[in-house]
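Sequence order for the protein chains is A and B. Under the working numbering, the first residue of the first sequence carries the number 1, and numbering increases by one thereafter. Under the working numbering, the first residue of the second sequence carries the number 1, and numbering increases by one thereafter.
Calculated from the structure, these hints are not laboratory results. Glycine included, each C-beta is placed from N, C-alpha and C at the ideal position.
Label pairs and their calculated CB-CB ranges:
id	chain 1	residue 1	chain 2	residue 2	range
1	B	I249	A	D99	47 to 57 Å
2	B	D254	A	K17	49 to 59 Å
3	B	R32	A	S232	27 to 37 Å
4	A	G238	B	E283	34 to 44 Å
5	B	A17	A	S232	46 to 56 Å
6	A	K43	B	D207	18 to 28 Å
7	B	H279	A	H234	35 to 45 Å
8	A	D145	B	I249	31 to 41 Å
9	A	F146	B	D248	24 to 34 Å
10	A	W144	B	M271	25 to 35 Å
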Amino acid sequence: MDLREKAKQLLESGEVKAVLGFEPGTHGTRRPAFARSAARSEKLTFDGEQNLASYVTRKEVKRLGRVALAAKPDTLRALLQLMAERQIKEQDVLPLIEDGAGQVSELAGAEAIEQHLALSPKELKPEDRALLDRLGKMTRQERWDFWQGELARCVKCYACRSSCPMCYCEHCTMDCNRPQWVPVPSHALGNLEYHMTRAMHLAGRCVECGDCGRACPVGIPVHLLTFNAEESVHAQFGQRAGASSKLDYALSTFRPDDKETFIR
Amino acid sequence: MADTYQLSSASLDLLFAALAADGRRILAPTDRDGRSELNPVSSPAQVARDYVQTALSAKETVFPKVEQLLSYTLKPGEVDLADAVPKARPTVLFGIRPCEASAFAALDAVFNWDTRDAFFNARLEQLAVIGMGCTRRDDACFCTSVGGGPGSTKGSDILLTPMAGGYLAEVLTDKGRAIQALAPDAFQPADGAGKAALLADVPAAFDQPALTAKLPALFDSPLWAEQALRCVGCGACAFVCPTCVCFDIQEEADKAGGRRLRAWDSCGYHMFTLHASGHNPRETQGARWRQRVYHKFSYYPERYGKLGCVGCGKCTRACPVDMNLQEHLVEASQVNP
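My request is simple: use the sequences and hints to build the entire structure.
Structure, rendered in structure tokens:
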């Protein structure tokens, strides 16, 4: 059964209220699509880049009811992490996966997702790995200069935040104004504090899908900031976000046998 | 009626040198990792060759993303207030598209609506536009549906149209004639009769006056919420838009003093029009998306007698989830209230 047939079946039986997948977009691109009726599922495809898990925490989508979504490994990781952080319940979403022959099946429940993901360990794209390595080899001054140059082009449209499946906070620190923690305008300090805060908040939580970088309208590789934080957590604590639906978050976990003495 | 000339590729060097000698900064599209962006240039060789549009718009030349309006210092019993002086310098925008050139009129409608905005006007007065007619377009373009065109002269002081060996040059305004006078030899008299054949073909996609007339009756249509389901609520569309004019006023202060800044804002944000009570009249993304469409196609025409959209398609290209504006407007044109 392909995605269209599956979507039709799920919508007609009422098992889900919407199926999220992709459809053809402007100049040959693919874009996220919501099918809420069998008729609308005709164009649905698995072929698209965005991490559709970013939609399941949006209030407009939650109001629809249970949704099925065309899920790539990074989407599944984000769903598990959202379950671990208690932002969604496993029964709220029905991930659909596609095998090599285009056959679609359901991955109902966190355990099924965990088992499926265990088969394909997270690998960064070679170009992202190469960029991270390049940045890692720079001196602190060179790295600072690199990011100063990149962030000077940021206009603070928050496309990175809005596209991120883990940036679900209803009231982001960036939007707090009593007190105002971070300057709102897109000047040097405002841009730097925003991106630093976001990278730190995603350390240990980033599923490394890269949607933030893809979303940037001016092409700043912002995903490298959160990737670097995530890779650092992985190297030091052996954890990867999105591996389990049980919360095991390095930066908020206390263990009496922690390797660092200062925390004991 | 414009004076029409021919400008050879070689004489463009002459023109750039003359502009620089006159103390003018030249901003033009340059390439960067597959996108183009406006940057200062000194020679035509630096200008991007193969662009449809820059990612960001030229509005930042008159309405920067952040700008200081005033500053103050605090002493016991005393406030020392200083107005900011706009940092305007003579600038030539070279190579922006006719759609973008026409967008300054939409900004002007707001910044000179009741009070004349000193900052906007100081920059606009120092700005001259050498537009570049379009010989190519992409799927996001829809200028001809909103009163523009690939060869429209609106908003340009000089409009160039690429042709074999150089450009057809239409000198349109006093600012344009002042530029021509800086390098008179660069401009050779020519016949502009062949212009239309040089331009990209951009058929109109929808009937804008009919859409504008219909919008009030479509206000409660479920269409907007349906269209906005995939919108992620960022500000990319508004920030790349050459006509989006919403701004936020921010105060950055400590015990010794502070400054007041104006910064770009967007109707896509969930805090847009959030009241102090906690109520928000545009509580959902669908309501905010409708606001975006209505502001440009209903409220702007009603208040200012012009559109708040020039059909450049930058929003469509910038959107991380392809909220294609043209497609959504076509869809709105086709539904019955």
